[in-house]
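There are 2 protein chains.
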Amino acid sequence: MTEQQNPSTFNPGKGAGSAVGVAILGYGTVGSQVLRLMLENADEFAHRAGGPLEVRGVAVSNVEKHNGTLADEKGLLTNDARSLISRDDVDLVVEVIGGIDYPRELVLAALRSGKSVVTANKALVAAHSAELAEAADAAGVDLYFEAAVAAAIPVVGPLRRSLAGDRITKVAGIVNGTTNFILDAMDSTGANYEDVFAEADRLGYVEADPSADVEGHDAASKAAILASLAFHTRVTADDVYCEGITKISAADIDVAKSAGYTIKLLAICERLVDDSGNESVSARVHPTLVPRSHPLASVNKSFNAIFVEAEAAGRLMFYGNGAGGNPTASAVLGDIVGASRNKVFGGRAPGESTYANLPIADFGDVPTRYHIDMNVEDRVGVLAELTQIFAAHGISLRTVRQEEQEQSARLLVITHTAREADLSATVAALAETDAVLNVNSVIRLAGE
Amino acid sequence: MTEQQNPSTFNPGKGAGSAVGVAILGYGTVGSQVLRLMLENADEFAHRAGGPLEVRGVAVSNVEKHNGTLADEKGLLTNDARSLISRDDVDLVVEVIGGIDYPRELVLAALRSGKSVVTANKALVAAHSAELAEAADAAGVDLYFEAAVAAAIPVVGPLRRSLAGDRITKVAGIVNGTTNFILDAMDSTGANYEDVFAEADRLGYVEADPSADVEGHDAASKAAILASLAFHTRVTADDVYCEGITKISAADIDVAKSAGYTIKLLAICERLVDDSGNESVSARVHPTLVPRSHPLASVNKSFNAIFVEAEAAGRLMFYGNGAGGNPTASAVLGDIVGASRNKVFGGRAPGESTYANLPIADFGDVPTRYHIDMNVEDRVGVLAELTQIFAAHGISLRTVRQEEQEQSARLLVITHTAREADLSATVAALAETDAVLNVNSVIRLAGE
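Protein chains in written order, with full-length UniProt numbering: chain V, 1 to 448; chain P, 1 to 448.
So that you can see chain V by itself, here it is in the shape it has in the complex (with noise of 0.2 angstroms):
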């Protein structure tokens, strides 16, 4: 019945008092963090954990790059993380690397040979849960990645246990400081998306490698995490639906902004229900036009938010630094206090939990609301054409603007909440009338 949680061996613990050896695979700006606070606050991890903390060692891809830094004065550094991990006094492996093969095979190879494992790879977690977690199970170990997600703020953890008493209907929030930072100074300046991003970068707040973030693959990691601990059910990234904000244009911030909206990344997670009672899970990542009452339009800079909505608890909001490398290393840290006290006493955290084992929506499926910005014929009867074209798809508006421009009408259009195959449909038929010179842009709403 629990088969997922149940370790199959029992760890009872090493005792009171006892070291716990760990292994840092990689040394970025988070590795480098783990170090330093780890290194400083011993003493404080030491009662925390229930006996000291020890680094056994630092692997990188290259050792003479690290010359100087701490982990090479404390003669941590070493480029053989096999080795490293396969030491008798490695307790715990912590991956802050980054990418998805290696530290895949770096993380099996770990719970493999008993050893829990905390990691911030979001990438490696949402595509491999189910390995990851079968091996931690078959070890009896833990697998802990609270800064997989939103870096700093709580929300493994919440959902996991403090939320397991609830019926969690939906979670759903900005979870990508990067695209924040861009939409946020997309709206606060009226530049366009290329001027900020360019910005963005000049500020450090961009990857080498941006399109993770711009396309939104990041988020849809993130989302996929949130919704599989949400709903009990195995959701990977390739179950995400996912729009990135690369065609977001200064037009389309402005004509949010004049309607009362800002335009947000948001993960959305939601456990729908059909009309026989029939429950499935849908993920998506996407631009968002939010009302500017709404919490979630005043997160602004980097900062991430999340809201869940739970049937008894009712809505709650979690808000911090979602991003950077203290704020990472935070939670990094409180995982490894945490996987190093159940080393010390005994007990193993909450494992993957897919027992509710539900479907994943057709995206088709899933209700949304659009707003679609259209050029137009500027004629009489225009507008009774267009709306008997979403009336033919069952789509009822919620309102219509008209802005008159030189030779044709611009039509602004916010609709009521639809199928998403009925929207994407309608907005198809419309890009094929002849009164539609152009369809600008469709964004979906969220918050209202």
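Calculated directly from the structure, the hints in this document are not laboratory data.
Accuracy of the hints is not assured; some may be wrong.
Identical chains share a label here; the pair holds if one copy fits it or two copies do between them.
[Claimed, not checked] BS3-like, lysine-lysine: derived pairs with alpha carbons at most 30 angstroms apart:
#1 Lys170 x Lys257
#2 Lys247 x Lys170
#3 Lys301 x Lys170
Chain V is fixed; fit chain P onto it per the hints.
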């Protein structure tokens, strides 16, 4: 070194699939929702806990009073709490009675007989944390109390676990729904305290004995719990400086508004460091002027919100329903699942952690800021005379506003940060000065 955290006995767990017997003490707003949800969602809880949760009984003081309720229908009611607790098939005791002395006896009896305890009782935990933690440790069982602070908002868990790898410097927030409802209504309607209180009472927001809420004692209990968790130091309700909202007038709200502030009852817990680097802990509850642009200012109705500042994580906020049967039940049920899981699989939740054992700061030494509203003589030289009194006490002023009135002037002063004792002495000196006709109100500021 870690005595408080180490179980002297270690429970290896009953094994996957084993039933966990639960006794519920109390059947009011919270207890009835806990029972209902446990029965309605029994399958889900069994998956999450690793075995079925079976309610063995619900103890109440008067069985007849609950005729026809769900507990009665299921034959669960008993007026013999002690016998229920001591049943061999009870593994876990849920205390949702309220009060201190009687639940203290029952909770101690449960812990001493090896039963884990889940309680929503902030007054009990804040008054007797040491005794309860020692009993839990001696028996190697769990004491959970997520619901004791801010109901469904996960904050005990995040402080105990997610932030266990960080150093928390401050926890501040709105932790009492009743007083926030009253202050929010005063702010939005301009009505006075008595009228808003009567309306809140009519709407069911006020307890039979309102003093715990409006005098700040409920918030002080929560502040004690938050400070203990955040600073790994035992802080009891008696250590918390406490001032309620009963003296807040419509005039105070009005003055605050005109200066860009709103008034909130805040619980503020800080780790203070003096010039010699000595650390201490301060916890206090008092009405506080908060700038309207601060996120806490927009926490309206009976909602709660808690800010946490930590060295690596930066600033985090948690927001949601801080009271009510269902939100409180959500937190209790999350704890029930956690404690049950430990019964099934072994392991223990982190217990009381008091290793830091920091001294409680004298309230006079705590840095605060004042907003002072006075009527003063309307003559040349008064302002100079009064500002000299501030200067003599080492207090510098941030803003001074003067409003002409009939036959006197009204002086509204906001100070910079100073020692509470110096500010307090300044106000005493002002009150004794002939030029000051009346000190209308003194309210502290925070959040700038």
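Hints numbered earlier in the text: which of these fail when held up against the supplied structure?
Hint check: nothing fails, all pass.
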